[in-house]
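J.: Model the placement of chain B on the given structure of chain A, informed by the hints.
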Amino acid sequence: MSSDTLLPAPLGLVTGLVPSAPAAPGGAGGGAGGAGGRAEQVAAQLETAVCVGLLSAGTRLPPERELAEQLGVTVLQLRQALAILRERGIITTRRGNGGGSFVADASAVSREEVAARLRGLSTEWLRDLGDLSGSITASACRLAAERADATDIDRLRELATAFVSAASLEQLRLADSRLHIAIAGAAQSRRLTAASVQVRGEVSPLLWHAVDGELPTAAAVEHHTAIVEAIARGDADAARRAGLLHSEQETRHVIEAHLAEVLTEATSSPHQH
Amino acid sequence: MDRAEVTDLLRRTGEELGSAVDAAFDAVELVRDRAAQVLTTGRGAPSTSSFSALHPLFQQVLAPEPNPLEGIGVAVCTGVLADADRWMEWWRRGPSGRAAFAKYVLDPSALGFYDYQSRPWFRAPLEVGGQVVVGPYLDAGGCDVYTTTLVEPLLLAEGKEVVVGGDLDMAWLEATFLRAVGRRSPALALVASNDRVVVSNTALLTSGSRMPQQLKDDVQVEVAVPSAVPGLSSWRLVALEQR
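Here the protein sequences line up with chains A and B, keeping their order. Counted from 1, the first sequence has number 216 at position 216 by full-length UniProt numbering; the numbering is strictly sequential. Counted from 1, the second sequence has number 73 at position 73 by full-length UniProt numbering; the numbering is strictly sequential.
Don't read these hints as lab results, they were simulated from the structure. No residue lacks a Cβ here, since even glycine has one placed at the ideal position from N, Cα and C. Among the clues, some could well be false.
[Stated by the list, open to error] Listed next, with one range per pair, are the computed distances between beta-carbon atoms:
1) B:S209 with A:E112: 25 to 35 angstroms
2) A:R190 with B:A110: 28 to 38 angstroms
3) B:G97 with A:E64: 30 to 40 angstroms
4) A:E112 with B:G79: 50 to 60 angstroms
5) B:S118 with A:R88: 42 to 52 angstroms
[As the list claims (entries may be wrong)] The following residues of chain A were derived to be distant from chain B, with all beta-carbon distances above 12 angstroms:
6) G89
7) R95
8) T225
9) G234
Okay, chain B solo, but in the shape it has when bound:
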């Protein structure tokens, strides 16, 4: 492949990935709209049980296979719910493919407390005030999987905010990438802004590792993933020189 062909391939791959992630965000939007209804109707502040109205939607979103998302849910800021300071109504697809409520340790005095309110995936959307892509990262203490989270904030009332998000299934992202590139050579990779490899078509650059300097020098073509969403817009596709 010559340089022009590689550039064209990366550009097409970037477009496919960008639109695939955008499509995954549609499910998050769906939950956000429904959560806005559920959490603002009724008298007084909502409670942890208010989320039960969202359960069928979570199941419906996680049911199709293959699925860009392996988890979806809502996480609250302190002060939103009447009966809890912290709450994550998060559903995950289990090994059997069935979606189920994910239980987190939310008691700050407990061993293994998952302090989600301090995690980047929770803080970033509140700071940005809109859609953000966070990751990839290992959600240690949370669901303990390697994921990328698509998040956006939802303002319920003055000072009362929640975060709605979906966890990308990294195997799905990898399959989408490989389908788009369709080859194992030259070495191509999707890289996040911190130089961390998201997915690639070569065992030289594995997901989770960071681009070593000597390989950075071999970058032949670099194309940004076309997206307006912070996080995703800083991902780039690179092609390494064939050696």
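Only chain A is shown next, with the shape it has when bound in the complex:
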């Protein structure tokens, strides 16, 4: 049933996709660079891979030496990164025979955590993320329509179906991210896929949050079908338009979720005048 992707490929996708974050002005807040900064970066890449479902719960990470090589870091830096992930509950490490580092089932984000994150952001920030997400999605859909072969299309249909039958919030989130990333994969573009992984890592935790009791599921099902069918027909322009429409709808939902959360807090906290 689960057609889990092989480990090395997705890890390759997260490698080097986060450009070394520019140091904050005046070095505020940032790590002291060097090993600490690199480890933090690798930890963030692995966390994104877990968050978008490239690495499923229970997956065993490759041996340290191999993983370090895949991620382009030293074994020492990798160990530091794994320690950070252990601390955040993203992985667990078992010793002895059959031991190793495993992806923990920590992808579930509580509604309260998402609400707090939505409150802390601004509409402008979310719109900006939506602009990038829309550009990536639209391009990936267009190129996928031009380049996807029968196998790619089967895979996209399979993932779209998995989304329809997702039974929990968690499954919706992972199925949705996997489909989006697979579309970029069907476009045969490594960079678009990497960018897609990164953007889905930012969008998906915020997207599956109900506004006025509603999730964007119905619209997503409809849009996914339109995208996948346009790709299957090889209609690049329709695929691009469907991708853009889908992305705009996602952005609207996230912004409404943000506005609703800010307002809930503003009207429930005792505020004189």
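T.: Structure of chain B alone, referenced to chain A:
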């Protein structure tokens, strides 16, 4: 909500926003007064190191949370400092909430040179000769954030001028607006003079976008933000027809 209620809500929101921004200007005034002292005492022209006397004040201004300002500082005209033609003593609150000096590329021959002296936020206060609100704009090449800058000039001596300013935290402005309106319907927005949406209570009109013509036709009520400060006084609150 009927028209009268919407008008009343926009009027109250405008007053709250106007006074909130005025209060944010108080911090800029504080820096301006202190900068006037620091840059005019001592023999000869001040230098880049003269600003160190302002550091505690910058930290103090940016410390409270929530804070209308995410950045504050002083930027000089050429000829003011003895040791540099260009200098921005600007402090910003980092992700951790701690204020730190913001480093800009001020060497005109360097890639990524931030030519702040040509930017509207620097020129407008010198032209107006008083407080101005500039934005919202994306400070590309500068701090690369979306902001609105509250600025005013400070004349040190004949021909020697600096600009003192504070960058509004747009998330704070949005929260202030939403608290004042307290609802997601009808669609309400704060719009700048170039029709650019500053903040709104709807995803139909997002910050940074411009009011499309078809929505402009749906404007039911329009109320100016009460302010004497150029820039801010041209911001207006609009309510769209419920459909």
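J.: Are the hints correct? Go through all of them and say.
T.: Against the structure, the hints:
The supplied range of 25 to 35 angstroms is met by S209 (chain B) and E112 (chain A), whose beta-carbon atoms lie about 30 angstroms from each other. Roughly 33 angstroms separates the CB atoms of R190 (chain A) and A110 (chain B), a value that falls within the hinted 28 to 38 angstroms. For the hinted restraint 30 to 40 angstroms between G97 (chain B) and E64 (chain A), the CB-CB distance of approximately 35 angstroms keeps it satisfied. For E112 (chain A) and G79 (chain B), the hinted distance range of 50 to 60 angstroms is satisfied, since their beta carbons lie about 55 angstroms from each other.
For S118 (chain B) paired with R88 (chain A), a C-beta distance near 45 angstroms keeps the hint of 42 to 52 angstroms intact. In this structure G89 (chain A) is separated from chain B by more than 12 angstroms, as the shortest Cβ-Cβ distance comes to about 22 angstroms. For R95 (chain A), the condition that its CB be more than 12 angstroms from all CB atoms of chain B holds, with the nearest at approximately 35 angstroms. With 12 angstroms as the threshold on Cβ separation, the claim that T225 (chain A) sits away from chain B holds: the shortest Cβ distance comes to roughly 23 angstroms.
For G234 (chain A), the non-interface assignment is confirmed: its Cβ lies about 33 angstroms from the closest Cβ of chain B, beyond the 12 angstroms cut-off.
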